[in-house]
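Take the sequences, apply the hints, and build the full model.
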Amino acid sequence: MLTIATGNRAVADAVKAAKPGVIAAYPITPQTEIVEQIAEYVTGGNLESRYIPVESEHSAMAACIGASVGGVRTFTATSSHGLLYMHEMVHWAAGARLPIVMANVNRALGPGWNTWAEHTDAFSQRDTGWLQVFVGTVQEAYDATLMAFKIAEDERVLLPVMVNLDGFTLSHITQSLDTMEIGDFLPPFHLPHAIDTENPLGYGPMTGPADYFRFRWDIERSMRDSRGVITEVEREFAERFGRSYGPTEDYRCEDADVVVVAMGTLGKEAEVAIDRLRDEGIRAGSMRLRWFRPFPDLDLAGREVVVIDRDYSFGFGGVVAHSIKSKTGVEPYSVIAGLGGQEVTYNDIADFVRNRHPGEEMWFGVSDHV
Amino acid sequence: MSAIPKEEYLYKCTSACAGCSSSLCLRYVLKAAGPDSVLVVPACCTSVIQGIYPATAMNVPVYNVAFAASAACASGMSEAFAAAGKETNVIVYAGDGGTVDIGIQALSGAFERGTNFLYICYDNEAYGNTGMQRSGATPLGARTTTTPGGKPTTKKDLDRIIEAHNPPYMATACSAYPLDLYKKVKKALSIEGPKFIHILAPCPPGWRYPTEKTVEMGKLAVKTGTWILYEREFGKLSISGPSKAAMKRPAPLEDYIRGQGRFKNLSPETLDLMRQQVQQNIQRLSREEAGVC
Numbered sequence: 104m105l106t107i108a109t110g111n112r113a114v115a116d117a118v119k120a121a122k123p124g125v126i127a128a129y130p131i132t133p134q135t136e137i138v139e140q141i142a143e144y145v146t147g148g149n150l151e152s153r154y155i156p157v158e159s160e161h162s163a164m165a166a167c168i169g170a171s172v173g174g175v176r177t178f179t180a181t182s183s184h185g186l187l188y189m190h191e192m193v194h195w196a197a198g199a200r201l202p203i204v205m206a207n208v209n210r211a212l213g214p215g216w217n218t219w220a221e222h223t224d225a226f227s228q229r230d231t232g233w234l235q236v237f238v239g240t241v242q243e244a245y246d247a248t249l250m251a252f253k254i255a256e257d258e259r260v261l262l263p264v265m266v267n268l269d270g271f272t273l274s275h276i277t278q279s280l281d282t283m284e285i286g287d288f289l290p291p292f293h294l295p296h297a298i299d300t301e302n303p304l305g306y307g308p309m310t311g312p313a314d315y316f317r318f319r320w321d322i323e324r325s326m327r328d329s330r331g332v333i334t335e336v337e338r339e340f341a342e343r344f345g346r347s348y349g350p351t352e353d354y355r356c357e358d359a360d361v362v363v364v365a366m367g368t369l370g371k372e373a374e375v376a377i378d379r380l381r382d383e384g385i386r387a388g389s390m391r392l393r394w395f396r397p398f399p400d401l402d403l404a405g406r407e408v409v410v411i412d413r414d415y416s417f418g419f420g421g422v423v424a425h426s427i428k429s430k431t432g433v434e435p436y437s438v439i440a441g442l443g444g445q446e447v448t449y450n451d452i453a454d455f456v457r458n459r460h461p462g463e464e465m466w467f468g469v470s471d472h473v
Numbered sequence: 006m007s008a009i010p011k012e013e014y015l016y017k018c019t020s021a022c023a024g025c026s027s028s029l030c031l032r033y034v035l036k037a038a039g040p041d042s043v044l045v046v047p048a049c050c051t052s053v054i055q056g057i058y059p060a061t062a063m064n065v066p067v068y069n070v071a072f073a074a075s076a077a078c079a080s081g082m083s084e085a086f087a088a089a090g091k092e093t094n095v096i097v098y099a100g101d102g103g104t105v106d107i108g109i110q111a112l113s114g115a116f117e118r119g120t121n122f123l124y125i126c127y128d129n130e131a132y133g134n135t136g137m138q139r140s141g142a143t144p145l146g147a148r149t150t151t152t153p154g155g156k157p158t159t160k161k162d163l164d165r166i167i168e169a170h171n172p173p174y175m176a177t178a179c180s181a182y183p184l185d186l187y188k189k190v191k192k193a194l195s196i197e198g199p200k201f202i203h204i205l206a207p208c209p210p211g212w213r214y215p216t217e218k219t220v221e222m223g224k225l226a227v228k229t230g231t232w233i234l235y236e237r238e239f240g241k242l243s244i245s246g247p248s249k250a251a252m253k254r255p256a257p258l259e260d261y262i263r264g265q266g267r268f269k270n271l272s273p274e275t276l277d278l279m280r281q282q283v284q285q286n287i288q289r290l291s292r293e294e295a296g297v298c
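Read top to bottom, the protein sequences are chains A and B.
FYI, the numbering for the first sequence is 104 to 473, going by this note's numbering.
FYI, the numbering for the second sequence is 6 to 298, going by this note's numbering.
Hints are computed from structural coordinates only; laboratory data are not their basis.
It is possible that some hints are incorrect.
Below, computed lysine to any residue pairings styled on SDA-like, alpha-carbon distance capped at 20 Å [as the list claims (entries may be wrong)]:
(1) B:Lys160 x B:Glu259
(2) B:Lys91 x A:Leu304
(3) B:Lys91 x A:Ala297
(4) B:Lys249 x B:Glu238
(5) A:Lys122 x A:Glu136
(6) B:Lys218 x B:Leu258
(7) A:Lys122 x B:Ala89
(8) B:Lys241 x B:Leu163
(9) B:Lys188 x B:Pro173
(10) A:Lys119 x B:Ala89
(11) B:Lys191 x B:Val53
(12) B:Lys11 x A:Thr300
(13) B:Lys91 x A:Thr300
(14) B:Lys191 x A:Lys119
(15) B:Lys160 x B:Thr275
(16) B:Lys91 x A:Asn302
(17) B:Lys91 x A:His296
(18) A:Lys119 x B:Ala88
Per label pair, the in silico range of CB-to-CB distance [to be verified]:
(19) A:Gly432 x B:Thr150: 50 to 60 Å
(20) A:Gly432 x B:Thr151: 49 to 59 Å
(21) A:Glu323 x B:Pro153: 39 to 49 Å
(22) B:Pro153 x A:Asp400: 51 to 61 Å
(23) A:Glu323 x B:Lys192: 41 to 51 Å
(24) A:Gly311 x B:Ala250: 41 to 51 Å
(25) A:Gly432 x B:Pro153: 49 to 59 Å
(26) B:Pro153 x A:Ile276: 19 to 29 Å
(27) A:Leu212 x B:Glu274: 47 to 57 Å
(28) A:Ala313 x B:Ala23: 27 to 37 Å
Computed from the model, here is a short list of chain B residues facing chain A with C-beta under 8 Å [claimed, not checked]:
(29) Cys18
(30) Ala21
(31) Pro40
(32) Asp41
(33) Ser42
(34) Ile57
(35) Met63
(36) Val65
(37) Val70
(38) Ala73
(39) Phe86
(40) Ala87
Keep in mind the model is a prediction, meaning the values are calculated, not measured.
Ideal Cβ placement from N, Cα and C applies to all residues, glycine included.
Take a look at the structure:
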């Protein structure tokens, strides 16, 4: 069914279609509409989930952990400080191998209080063992949330998935949204290590170095296997519903001499910049990085690369720029832009390309090349 | 005692210290709860007592979870079982630090939401697992590794905090009275909603008394009126048998504190304050039970 919806509404509608057994909810700007809309669905009898209005995000993730190991599909949503407050349990969810799905509406971190878009919140969780996907449109927020359940629950993965969408620039803007009957796209929830009182097990007891080390390797092995599972699920989704996704969304990249790499809504904005640059005769393309964990293999050999980071690792650099540098060996022009919701237009992005200095870093609107 | 099942859900040869009363209590809790039960355990002595992977000393599923998370984790589990139509008991078994300090927010949230579960706090009045640092449950005057001069403030009144949530059932218990504990767990699990049991669990290495005195120490806590056994069903208070006599004629407080190294060299002023506290608690609960407020 074709509708007009916000990014938040799209997430809530995908959750409705996925029918989790338990949803833990705690509000935070700009995520709030997700938990409000789900509350409407549950109260109105349109979604048969147990809705737990927890008292904090730490408890939101703890409740998801208890519910997931209890044997049902689980969902929660958060943002920014909420994600950081639950950080301990974010690690726990992955270590416990629980296929929890969480929407994270990307937002800057205080102080000062700033509710606008930034990716530092999600990147601060990058070493937790969660899969992370970043979306660029309302439709993709819906599609990626649905696929997240299928990927997380695959027995070759059994790791939680975080679906990231930009605060306000995606969570609160409206675009067309095609919602559909998903049929048997999502199989009934099955967790091989769900609690069974007929077969009593100890979960997460004291564990010595040898076993602990092996469990960590198991997480990495599943993270590696998840690449194939993601491809399978995205292919099945395309066959069933006609919309295809991959580790990146490439735009006019085939013959490009210079490629702009960005994430989320800035990745979509970059496409407009590419058209402008092409009109000027600059052979540019854009690559919107969708999956951040597992980090995809990128083919950037022989091109100049401009990376836009809506994040920063203090004392180190842009997280995406340095990830690309370490994974591909290219020396990108690293642009730090859009922090705390700073406006970045397609004209600005075109300027980044026109004025690029490979190997250097620039804070947009703040510093020169350094 | 004949009513207590012979089945064991906590096996022998755990990693508990000699004279550990909290593991003794857990044995009776599980006998009362039976096999269709899950324990949710935050970081506490029970994290250690259950054994090291891949072994477990428990014959029910045990879900170990982060320190502050047990009540919230149990909320999720309880809702998952409800969604699946299961009637499995969800029981948190948590120490005092994980309850009155770091876990109190999640505990309060779970009780306010009416979560169907049983939360048991076994209280040895300090962070025992890490070597006896003070917690909010450490009593006035007690020496711990972080209050080497004796704790300058009084024990946090957890029960009155729980009471403020109006749970359908709450009770106190003590490891020296296992039949009383057994009955209270049975009753708690027969009631829908959030239930709470607060067990005083004397700790030989932490309180510094000989291991063979563990039962005696619990009895003295009750006989001196330091620890009062009671139940509150839908708000209505009833004092439990062993405390009825003690509240009328409490044994001298010195009988309880004399044998504990943690109370060594108490000042007369502190001892006097402790006596006053005991008297106030006895008076408050006696008057309430008698309907005099």
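Hint check:
A threshold of 20 Å between alpha carbons decides the hint, and for Lys160 (chain B) with Glu259 (chain B) the separation of about 18 Å falls inside it, so the pair holds. For the given pair, Lys91 (chain B) sits about 18 Å from Leu304 (chain A) by alpha-carbon distance, which is consistent with the 20 Å threshold. Of the pairs offered as hints, the one joining Lys91 (chain B) and Ala297 (chain A) holds, with about 13 Å between alpha carbons and a cut-off of 20 Å not exceeded. Taking the CA atoms of Lys249 (chain B) and Glu238 (chain B), the gap is near 18 Å; set against the 20 Å cutoff, the hint holds.
Of the supplied pair hints, the one linking Lys122 (chain A) and Glu136 (chain A) holds, its CA atoms being roughly 18 Å apart against a limit of 20 Å. Restraint check: the Cα-Cα separation between Lys218 (chain B) and Leu258 (chain B) comes to about 17 Å, which is no more than 20 Å; the hinted pair holds. For the proposed pair Lys122 (chain A) and Ala89 (chain B), the alpha carbon gap of about 13 Å is at most 20 Å, so the pair holds. Only pairs whose Cα atoms come within 20 Å are accepted, and Lys241 (chain B) paired with Leu163 (chain B) is accepted, the gap being roughly 18 Å.
At most 20 Å may separate the alpha-carbon atoms for a hinted pair to count; Lys188 (chain B) and Pro173 (chain B) meet this at roughly 16 Å. The straight-line distance between the Cα atoms of Lys119 (chain A) and Ala89 (chain B) is roughly 18 Å, inside the 20 Å bound, and the hint therefore holds. Distance hint between Lys191 (chain B) and Val53 (chain B) is unfulfilled; the C-alpha atoms sit about 26 Å from each other, more than 20 Å. The suggested pairing of Lys11 (chain B) with Thr300 (chain A) holds, with an alpha-carbon distance near 19 Å, which does not exceed 20 Å.
About 11 Å separates the Cα atoms of Lys91 (chain B) and Thr300 (chain A), which keeps this hinted pair within 20 Å; it holds. Restraint check for Lys191 (chain B) and Lys119 (chain A): not satisfied, since their Cα atoms lie roughly 39 Å apart, outside the 20 Å limit. At roughly 13 Å between alpha-carbon atoms, Lys160 (chain B) and Thr275 (chain B) fall within 20 Å of each other, so this suggested pair holds. For a cut-off of 20 Å, the pair hint linking Lys91 (chain B) to Asn302 (chain A) stands: about 15 Å separates their Cα positions.
At most 20 Å may separate the alpha-carbon atoms for a hinted pair to count; Lys91 (chain B) and His296 (chain A) meet this at roughly 17 Å. The suggested pairing of Lys119 (chain A) with Ala88 (chain B) holds, with an alpha-carbon distance near 16 Å, which does not exceed 20 Å. Restraint check, Gly432 (chain A) to Thr150 (chain B): a C-beta distance of roughly 53 Å satisfies the suggested window 50 to 60 Å. In this structure the supplied range 49 to 59 Å holds for Gly432 (chain A) paired with Thr151 (chain B), their Cβ-Cβ distance being about 52 Å.
Between Glu323 (chain A) and Pro153 (chain B), the C-beta spacing of about 45 Å keeps the proposed range 39 to 49 Å intact. At roughly 58 Å, the beta-carbon separation of Pro153 (chain B) and Asp400 (chain A) lies within the given 51 to 61 Å, and the hint holds. Restraint check, Glu323 (chain A) to Lys192 (chain B): a C-beta distance of roughly 48 Å satisfies the suggested window 41 to 51 Å. Roughly 49 Å separates the CB atoms of Gly311 (chain A) and Ala250 (chain B), a value that falls within the hinted 41 to 51 Å.
For Gly432 (chain A) and Pro153 (chain B), the hinted distance range of 49 to 59 Å is satisfied, since their beta carbons lie about 58 Å from each other. Range check, Pro153 (chain B) to Ile276 (chain A): Cβ separation about 60 Å, and the 19 to 29 Å hint is violated. For the hinted restraint 47 to 57 Å between Leu212 (chain A) and Glu274 (chain B), the CB-CB distance of approximately 49 Å keeps it satisfied. Between Ala313 (chain A) and Ala23 (chain B) the C-beta distance comes to about 29 Å, which sits within the given range of 27 to 37 Å.
Checking Cys18 (chain B) against chain A: minimum C-beta separation of about 15 Å lies over 8 Å; hint violated. With a least beta-carbon distance of about 13 Å to chain A, the hint placing Ala21 (chain B) at the interface is violated under the 8 Å criterion. Here the hint on Pro40 (chain B) is kept, as its CB sits about 6 Å from the closest CB of chain A, short of 8 Å. Proximity of Asp41 (chain B) to chain A holds as hinted, the smallest CB-CB distance being about 5 Å (cut-off 8 Å).
Interface restraint check: Ser42 (chain B) against chain A, minimum CB-CB distance 7 Å, threshold 8 Å, status holds. A distance limit of 8 Å between C-beta atoms decides the matter here; for Ile57 (chain B) the minimum to chain A is near 5 Å, and the interface restraint holds. For Met63 (chain B), the interface hint holds, since its Cβ comes within 8 Å of a Cβ in chain A; the closest pair sits about 6 Å apart. Because the smallest distance between the Cβ of Val65 (chain B) and any Cβ of chain A comes to about 5 Å, under 8 Å, the interface hint for this residue holds.
A hinted interface residue such as Val70 (chain B) counts as satisfied when its beta carbon comes closer than 8 Å to some beta carbon of chain A; here the least separation is about 7 Å, so the hint holds. The beta carbon of Ala73 (chain B) comes within 6 Å of a beta carbon in chain A, closer than 8 Å, and the hint placing it at the interface holds. Because the smallest distance between the Cβ of Phe86 (chain B) and any Cβ of chain A comes to about 6 Å, under 8 Å, the interface hint for this residue holds. Among the interface hints, the one on Ala87 (chain B) holds; its C-beta lies about 6 Å from the nearest C-beta in chain A, closer than the 8 Å criterion.
Violated hints, listed in ascending order, are 11, 14, 26, 29, 30; each of the other numbered hints is respected by the structure.
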